[in-house]
Amino acid sequence: MRRTREDMARTAARLFLTQGYERTTVDQIADAAEVPQRTVFRHFPAKEDLVLAPLNASGDALVTALRSRPEEESPMRAMRAAFGAVGPPHSAGGRRIRCRCVAASADRPDAEPERRTAAPRLRS
1437 MRRTREDMAR
1447 TAARLFLTQG
1457 YERTTVDQIA
1467 DAAEVPQRTV
1477 FRHFPAKEDL
1487 VLAPLNASGD
1497 ALVTALRSRP
1507 EEESPMRAMR
1517 AAFGAVGPPH
1527 SAGGRRIRCR
1537 CVAASADRPD
1547 AEPERRTAAP
1557 RLRS
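The C-terminal residue of the sequence shown carries number 1560 in the working numbering, and the numbering is unbroken.
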């Protein structure tokens, strides 16, 4: 079941990047991920949740890494170690995920002008 969730999130990210968030439907995501639409909604109650899925996974990994640190360790040292274990924002896809989220949301009618300007550069 975890693999299906990750596949749907990855498929949605690809479609958001190529077609734009507004133009991508949940039906298209379900078809491309080869799952019923109902399965998409069971894992992601709203379309917006598909955009946030990679960020949530990164946050979960950071929390797990923090919890594994020794209690006697200073908060700053624990944070550095946890971020080191998860990877800095620009590695392990972190920067790429943020860029994809910005690019995918740029075609929304309420998107800021800066986001619209940056989107083509971030999609590549």
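Treat the hints as calculated values from the structure; they're not laboratory data. Some hints here could point you the wrong way.
Calculated cross-link-like contacts (lysine to any residue; reagent style SDA-like; alpha-carbon spacing at most 20 Å) [what the hints assert, rightly or not]:
no.	residue 1	residue 2
1	1483	1440
2	1483	1511
3	1483	1519
4	1483	1442
5	1483	1500
6	1483	1441
7	1483	1505
8	1483	1443
9	1483	1512
10	1483	1508
11	1483	1450
12	1483	1467
13	1483	1503
14	1483	1468
15	1483	1518
16	1483	1516
17	1483	1506
18	1483	1466
19	1483	1504
20	1483	1472
21	1483	1498
22	1483	1502
23	1483	1499
24	1483	1458
Since the structure is predicted, the reported quantities are computational estimates derived from the model, not experimental observations.
Enumerated hints in conflict with the structure, sorted upward: 2, 3, 5, 7, 9, 10, 13, 15, 16, 17, 19, 21, 22, 23
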